Amino acid sequence: MGQGTLCNAYRVRLKVAGVLRDQEEASETGETLAASEDGTRGGAAASASGIPRQEEEEIGFGEEAVAAPEGRLLPEYRPLASPTFEPSEHANKHSQVMQLHRQRKSQGQHHPLPAEHPRAMDVLQFPQRWQAYTALRSAGKSVEIIFVSLDRDEASFRDHFQGMSWLAVPFDAAGLLRQKLCARFAIERIPALIPLSASATPSSGLGCGEDAVRLVGEYGVDAYPFSAQRRRELESMDDARRGGGRLQELLGCEERDYVISADDIKIPIADLAGKTVGLYFGAHWCPPCHVFTKQLKEVYNELKILRPVSFEVIFVSIDRSKGEFQASMSSMPWLAIPYSDAVRKKLTRIFVVKGIPGLLILGLDGKALKTDVHRPELLPTYEGSR
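Position 232 of the sequence shown, counting from 1, maps to 232 under UniProt numbering, and the rest follow consecutively.
To be clear, the hints were calculated from the coordinates, so they are not data collected in a lab. Just so we're clear, the structure is a prediction, and the values are computed from it rather than from any experiment. Glycine is no exception: its CB is placed at the ideal position from the N, C-alpha and C atoms. Be a bit skeptical, because a hint or two may be false.
What the hints assert, rightly or not - Computed beta-carbon distance windows for the label pairs:
(1) Ile267 to Glu154: 51 to 59 Å
(2) Glu188 to Gln162: 21 to 29 Å
(3) Asp264 to Gly140: 31 to 39 Å
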């Protein structure tokens, strides 16, 4: 693989709120699914205002926004070795990995499955969702991914692999190897993404030492090189943003210094200086959000009449499509982060948003005054605060 960062990956999917999920149901082969900490599968909980909330298990971005249980636990693993598999012939041979990859590309097999395919949501939209791999390769970073399949048969493996843009261990060579890798890296659930350092050797240790699924899901390309040190650096940066700072750094990015109105007018983020700002996390598909939006709208309109320049609300969409986002905005008089902008997800991570509807109040200094407001009528009490 050269001196690049080497990753062992299995069906990485992104999930808001820091936990990556697999939405498949338990199969007949003994695979089990982990429940949430309280033993439930999610559902709605009542907020302080009496409005039920869609909790963490049911929020997400784009088409990833599905109700999903914890990542799949691995069953007791008893691999059936292929009759054509000989470890001495295939194991750990780079040429075998590349042979399958080149064969797949030369035969035109590298393409995403159609949207109606039963595995498209679960597996093959990940290369489109996780742009970190493509971005890092385009930037000349030395990084590669090796897919180690836990599929039950070769047909499933090829069906699974055809939408991936990285490499894979040939299925007939994976039987004993995957058992060894699962044991070596203590893989207890999938998806799993194990970073290996460029200087990894059997004697010096194989590298970063932790599953990078959550890290990549939360930070994308910024997670590179997927190490524990990088994770600590990113978490420290989030802590600093939470502690207060420039609104542009929090709400904008290098390519965008504005928020938008319902009719798509661009409002400079600089215009929010000196105002108390409410970040409203919600979605059109969430019934409790409809109730909360109506309540918030009444208070917002009243504040705009009494003190028009002192308060603003920014909608941070958790909608599953741009159409849903536009439907949400059609009933909202305030501003929003553009739907296509990754800042939406960044804000849910920074402020640890685990349920919607949610309203977070930023003071005049950009510091969070209140992280979970469920009674819009109390908003005037935060106005003008630092």
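Checked hints:
1. Ile267 to Glu154: 51 to 59 Å: holds (55 Å)
2. Glu188 to Gln162: 21 to 29 Å: holds (27 Å)
3. Asp264 to Gly140: 31 to 39 Å: holds (36 Å)
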